[in-house]
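Residue numbers (the working numbering), protein chains in the order written: chain A, 2 to 169; chain B, 63 to 727; chain C, 36 to 325; chain D, 528 to 848.
Rather than coming from a laboratory, the hints here were simulated on the basis of the structure.
Don't take every hint at face value.
[Stated by the list, open to error] Think about it this way: if two alpha-carbon atoms lie no more than 30 Å apart in a straight line, the pair counts; the simulated DSBU-like pairs of lysine-lysine are:
#, chain 1, residue 1, chain 2, residue 2
1, A, 122, C, 211
2, B, 643, B, 693
3, C, 211, B, 545
4, D, 814, A, 104
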Amino acid sequence: METKSNNWEPRIVAFFCNWCTYTAADLAGVSRMKYAPNIRVIRLMCSGRLDPQYVMMAFAKGADGVLIGGCHPGDCHYVEGNYKTLRRVTLLERMLHDLGLEKERFRLEWISASEGDKVKKVVNEMVEQVRALGPLDMPGRFADWDKEMEELEAHVNHSQKEIPAHVH
Amino acid sequence: MNEPTKTQPRIGVYICHCGTNIAGVVDCKAVAETAAQYPNVVVSRDYKYMCSDPGQALIQQDIKEHKLDRIVVSSCSPLLHEHTFRGACEKGGLNPYCFQMVNIREHDSWVHEKGAAATDKAKDLTRAAVSRVAHHKPLETKTTPIHPDVMIVGGGIAGIQAALTLANAGQHVYLVEREPTIGGYMAKFDKTFPTLDCAACILTPKMSAVGAHPNITLWTYSEVAKVDGFVGNYKVVVKRKPRYIIEDLCVGCNECVTACVFKEGKFEDEFNMGLSKRKPVYMPFPQATPPIVLIDPETCINVKTGKCKKTCVEACGDRQAIDFTQKAEMKEVQVGTIILATGFQPFDAKRIPQYGYGIYPNVYTSLEIERLVNASGPTEGHVVLRDGKTKPKSVGIVHCVGSRDNKTHRWCSRVCCMYSMKLAHLIKHHTDAEVFNFYIDIRAPGKGYEEFYEKLQEEGVHFIRGRVAEVTDWQMSKEEEGKLVIRVEDTLAGFVRRIPVDMVVLAVGLEPHADSQDVRRQFNISCSTEGWFLERHPKLAPVNTFTDGIFIAGACQGPKDIPDTVAQAGAAAAEALSLIKAGSIELEPNTAFVVAEECSGCKTCIPMCPYTAISRDDVKKVAVINEALCKGCGTCVAACPSGAIKQNLFDDDEITSEIEAILAK
Amino acid sequence: MKFSYFPGCSLKGSGRAYEESLLPVLSALGVELEELDDWNCCGATAYMAVSDAAGYVLAARNLALAEQKKQDLVAPCSGCYLVLNKCQHYAAEYPDVATRVQETLKRDNLTYKGTTKVRHPLDILVNDIGLDAIKKRVTNPLKGFKIAPYYGCQIIRPYATFDDQHNPVTMDKLFKALGAEVVTYPLKTRCCGGSLTGTVTEVGQNMSYILLREAMRRGANVLATTCPLCQFNLDAYQGDISSDYHESVKMPIVYFTQLMGLAFGLPAEKIGLQRCIVPMDLKPAAALAK
Amino acid sequence: MSTKPKIGFYWCASCGGCEESVVDLAEDVLMVVGAVDIVFWPCAMDFKKADVEAMPDKSIVATLLNGAIRSSEQEEMAHLLRRKSQVLIAYGSCAHTGGVPGLANQFTREQIMKYVYEDAPTMVNDKKTRPQTHFKEDGRETELPQLRNVVRALDQVVDVDYYIPGCPPTPKLLKDAVLALLSGKLPPKGSVLAPNIAVCQQCKRNDSKPQDISLTEFKRPHQIIADPEKCLLAQGLPCLGPATRGGCDAVCIQGNMPCTGCFGPVDNVHDHGAKILSYLASTAAGKEQKDITKTLAGIPDPVGTFYRYGLAKCVLRGKVS
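Extracted from the complex, chain A is given alone in its bound form:
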């Protein structure tokens, strides 16, 4: 498994709003800023579209960190979508903490369309913080937990020979 090898690299899934943070990431590109290649951006029209389920799902599917990027408070292209994001993220942060995830694995940043350098800074920072924490590897953990079930499954379904239905 790759996550256990020495060349493990953190995988960060990012959800960026179209108008500010996604555009800022474009600006970072146009300005040829270099940052860590560990991030995969999913574009949403507004950070308010971010359903907390997506964050949970990203972790469950193997993300080591999740980054949310939206417009600064008061700057939302859709007036106040980012306030809704802030409310959801505030509660989600607490819940993820209660579920045992280190706080560095989940981050909300307000990055305006002009802050290409902030994209670079935040991504690099987060990749390093997550790297220091090591792999989260939820799929691997699930597989480890479920290994215990192989034995009985085989025992009940395969060791006994099939008993045919009687015809009366």
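Given chain A, work out where chains B, C and D should sit, using these hints.
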């Protein structure tokens, strides 16, 4: 049309090299080969320039040949070319929304080093798009009509130029200006660089053309109070402040000004940068447009106390143009497009106390000097010291005050080198003084600009390279007695110099208006970190903003000189005109809708919408989304506790399949 | 009002007039200063130049001691004020400095969380106590005093926590409240010569000369300072300067707290005025009247 | 031999309330007993595992299994009953989504064992003896069940055909399910046998809910005397009705208690807790971080509140340790 089937999508994947922009970092061939293995992929290719005609033709041909029903293009940012490729899909006979774009340039090759990591990223992102696009549904393109009227905010040279261009093309324009007159900063200038033609001679005809144009509604002394709506259908409320003068009745005879109980001007004249005094009733300057007076409520005795002989009313006589009962008036208009030309404000020189502005009387800002050298200015063009009579024998012009300075503003204000040289020429011409320019670099990159710099050197104007440390009056020698001393490191000569002068001119930079953040929020556009309005693309869409139908022109977008401002104003007018002439604009169909059978009527979504697009059907007891009002942010979709709200192009199955596939290994 | 107090070496040595005037003046205004128990060298500029790491640890130890007291720390000497501030900023901004500091402090069973606020007496006088309260305490208005307010460098640069970096005015306001006249003194933040006076004497003394000469030219009869090193440089070499520049230079150099003490009616010898090398006229109004 | 359809009931990790709920059918229980042949119901009748093992595969028409899967014994029985049944129904919250036992996934097995056998204040166990899985006395060996790493919902162990939600399911749901089984008119495999619409739709207080409630404070049921007519959420109680599958006739709310989510999510929701979180946070007011934090502090235990019945089915399956 190849309608996508539910059972087995047929996907085409195209990896763009973008010359070497992508291919120089990402192994495009490898990405295409890997993508060929992804589920449902029928065709996977890499190509040099996907956005080129042959690139687009490739997609169209494959759609027909391989019966493709979904397309993925991995190239640049969707903000740049999504529209292009959607068009290619449509031309190929496919619904344009059965398309997904992957950004492997701005988000990958341009920000990462060449190597496996960048290629892996391109593969992951492409895999996610392939997985996502399988869930895309064909959608109908929606359009909205464009109201033909235009609002222009700001009546400086940018606003004037844009207004005239549009009005001459037959469009109705509302020009809103905060000050009592249009003209902006240009109206204060004597000459313009590098041609030294008279600013008033070229500006005032345009100002009066605006005032007289049948297609222009000019509202000065007015501010935008509220903006609602969207491209094509903006509803703007303008607050017209009371000027206590009935505009239609005033003929600008100035008799009320003469008759005012104040025999002499007593209050700082804004137009002359406080270098002269005005009365409470005044006309900003002789060529003001509209050419009418106003009464300043802050200084007029009658407005403040109601106890005045009102000699002005008497002087106006039968015309009865003065109306002290005037109140602020709200005007609401419908426009389809808006051009913001709100300009800049000069840097406040007091922020750099070591330059002595406000401490030493004979330290001036460049705008004050513009008024001093102006024949219609407070001294009728005589350059004299603050005492009102002494001609300076030596003048120092300090460049980059509030520019190229980490402590104040990092940007170059672009105009100061040139206007400083213009002022140096004019001061020398008016006074024959020794003029010293203290500069970091001379930036003269315009037509005839470098030649102007040479001309100045020939005229004997001194240029000393070095940022000035301080302007002070402490003395080291007799010859400094009574003078201002400019301390500077002369970086060409390599030593610190003390240059005594009679007058110091601070070449203040340009900065965004103090309220630029409020203004851009009002119009829902973005700002750069510094506060300049942000263009949609620095090269390809310099007057567009991220909000459709709102354009920017002039120095509100960043410091620029008059030629650039006028060019940009023309461009903004042309962009607005192009929308108007098209009659309508395509909207993203990414609206949300409620699946009524799954809605429990819990009302969670209703307050989520900032556009009041969601209401409750009280008979069926379910939520209903008005598609015309929905702008597609998806906040209600995320909030819906039963997943009963869906969103076109950003639905749960589309996003979750993207998450899963982006992490698949 | 109660603060922790970090005197540093100067206020116990060459700058003792500063402490002798500061303590009674603050006490007269109801401010209690509690000298930090077991304080050590602030880390000072010279130490920083030799080993910045050791410098930060020295400063941080004082900050850590003050942190335990949970009250703001007053550092009257400009050098101490700067170094303590600098240590605080660097520990907050640079993890390696913070780690180094924490690890070393641990050996002394100390920790430093970064919460100590370092304050200058001028800041406390004008912003905490207020000019009105000071005015009320004045029994002997400084009539006839024409003061050149001299701030020096370290209390406003690079950390301008309570005044403008280029045009500070706190002392100006204070002296006006004491009833004195404040002369316009554009050199108020220019270098006094600093340690150059001891190393490259002619350069250092030239800098002092410029300051003294301009103060005289502006009609000042006293120059007020906030820094023990400035006080020493400007006060001690006026004889040398006069002979080197063939110009009679004579300007009393006092701490701002000494002028306050005088205005509060405290006897001259109780506020260290007898320690001035260039003596100050205690009744300049009479001299002016003549 | 009876030709009536053979039905089985089994009880895994649960409180037993589901078994009681069968009796809640009241007189209808006679209809059920008359219509079917109960071949396995250890709680009520004497059956042995060997009896089941002896049955032909797929010979039971339907087994209603309640309770989560926590031990190896439960796991084995799940496999066995799956093999013997044509239709396997996860009955009640625990089998459906892990139920309250699923909250144990906030701790590792070792943490639980250590607490129960060493740290609990009522425990005296100086030798720190732990339960054994092998036991030998008088030459006889006995195998005892093991505690599994995590609590699982039934479908995390075996293939499940239908789900009857609820803690416990209401008599109506059970009756409808039995009638559907008898008539053979079954919905697609994998369906939850309750309406795919949230509780609010059946809630009589729905009309009383204002359109925008923007809560600045969340309250807990013991803190207020709730108005019995008005929407509980509007009164500050975090009622999970909007995010929870209906079919219960909003019984808890009729009893003036907020919905706690026992029916699990509707079909469109992947992760019940995350969706509850999204919806509840959306009803909170405030634009400043400190105000928002303060308001949301009124929900002191997000995991326990949002995953009260479904932590095993949370996409993260429990606490990451």
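> So which of the earlier hints does this model not fit?
Replying inline: 1
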